[in-house]
Amino acid sequence: MTKVDILQSIRKRRPVFPILSPDNFEPLPVALPGSLIEWFKKSLKTAGAEIIELKNTELDSHIAAAWPTILDFTQPKIRAEYPASAPLDKLNKIEHALFAGNFGVAENGAIWIEDKDLPHRILPFITQHLILKLDAGKIVATMQEAYQQFKLNDIEFGVFISGPSKTADIEQSLVYGAHGAKELTVILVTLNQKNITHND
Amino acid sequence: MMQHARKAKQFLADEPRTDWHNQTLWIVRQKRDALAASVPGWETLREKASAIKEDALSHLDTYLEQFETEALKNGVTVFWASDADEFNRIILAIIRKHRAKNIVKSKSMLTEECGLNHFLQKEGIEVVDTDLGERIIQFRKEIPSHIVLPAIHLKKEEIGETFHEKLGTEKGASDPTYLTRAARKHLREKFLAADIALTGVNFAVAETGTVVVCTNEGNADMGVHAAPVQVHCMGIEKIVPRQEDLGVFTRLLARNATGQAITTYTSHYRKPKQGGAMYVVIVDNGRSEYIGNPQYMNSLKCIRCGGCMNTCPVYRRTGGHSYGYVIPGPIGSILAPQRNKQKYKDLPFASSLCGSCDNVCPVKINIHEQLYRWRQELTENKQTPFVKRFAMKALGFVLSGNKLYNMAGSLARKAVRYLPDKLLYLPVNAWGRGRELPVPPKQSFKQWYLKNHKDIKS
Ligand code: SF4
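Residue numbers (the working numbering), protein chains in the order written: chain F, 3 to 202; chain W, 17 to 474.
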């Protein structure tokens, strides 16, 4: 039994000296370079993404005008068209796909996407152009905070995406669009204040 | 001449290329420095990462069992492999079981270590490496020269030539964007036809049975989600105990590797896709022997960021292939003798012991101390050539006596000044071969100090 052998080999040797607990370190200070939103935008730009800021009331008209053939995966109808059993050839033809991100991370521009957002797991990678919309209020500072936003045990597949797919494997020259999406556009959505007061 | 020195000489023969290699990696190192400096509490993060890894290694048996229990609950099949051969056979069995023909693989140093591609080839099975750099070297039948930048030793013209031959790109074309697009097209076809996707593992979370894979290209995800069967291969040391630990490592890894704030994709796989299968293969291959070894255990904390390579003055000027082990550079030079003392006996000497690797290592491995210990151990075991051993003995004798040391120093200052190079770089002087001596000062530090600090002294 290989498993037993390996575990025994570890048990026989594992150190008995007291180990410093990882909790023994002070929580890390976070120096905010401006607001979280500004920091997030700066990180995303560095990662090669485009950023658009829109009011929630402008969202639909802007998307329809900018990408007429976009597949909006926040809509149940579109989700039903591309289930987990969808043939890959069909998915490979997608040019523009839109998903809703759950939250963003200011220090690196990463956006968290998980199963519930994806009828087929390959979608955000196989599309040529990925568009993520994100509530501008849902930004945390660092990855340490990011991992407190969800429970891995609730997630079958989840991914932080920061920027378009890229490579620098040829002489360290940066090229966007290695295997995943060639472009990433992030739409930061702010609530239309007027609307809120009216609705209140 | 020893292996590393001999191959380094070949690499150094092309001076412009050596300079380019050195410069390119130094730029990566500078990008890393800028990003490390931009994170408040970077040092605390390193301490914490190191402590998490120590905790993980000290209770590795418990965490591995916990990981397996969780993974099984998630519908994942877990295999254990003692060595490379058992690992390769497990992969072969999975391939046979699913009658798979098309296999894609994203970056995994473990499969390189175990020689998986070669093994499967002999069984008539072709594995397609999908990381761009790895695909390039696979076309060229080479091995990676860096763990994060596998094709860093190649110029774009050489890659253009290879792609012309293998992918039919225009002859003489070497534009990186053009070549990357050609590879994208070629590899998309491979992804869409894949029956099995193999990946390495950056972190395996014990409490949830999740494996985490980080890529910039998106090749791991293209393969894993396209193929019905996903197989993740991990060394036993990839375990981190808790979900929150990922928050620490994902802040360090890409910053320290390539000077990015994070990799483009940080993917978390916990359950197989609908109608698909997911396997995790846990490999020992000699690692457990070094757990609890106070001298060398620390090396198992490595998260394979490649930072120590980018900073190493020897690596930068000799290239990854000169080391002759799958993991080159400082960390490779302490891992290689763990695998085979005789074969890799010269690697701990392929270092200036400047300690720069220790300073950049995100998990605070005492790499240069371990290099030094290996030198002692291998020299005691007489695994160093006689000339070097004899010279070291003589040196030890001279260094142990004050008078003898002073005299030897004064003689050396004169000798190096006046002796012809031929004599200095005599064949018996194993040191002289790879090194140029500086012009010696006229007086020793002791003489200078006594002269200039007379007043202070009295
Ligand atoms: S030894 Fe440290 S610096 Fe080198 S690859 Fe491993 S983690 Fe990175």
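These are calculated hints, taken from the structure and not from any lab test.
Among the clues, some could well be false.
[Stated by the list, open to error] EDC-like cross-link-like pairs, simulated, lysine to aspartate or glutamate; straight-line CA separation at most 16 Å: (1) Lys95/F with Glu205/W; (2) Lys359/W with Glu129/W; (3) Lys5/F with Glu129/W.
Can you name, in rising order, the numbers of the hints this structure does not satisfy? Number 3 only.
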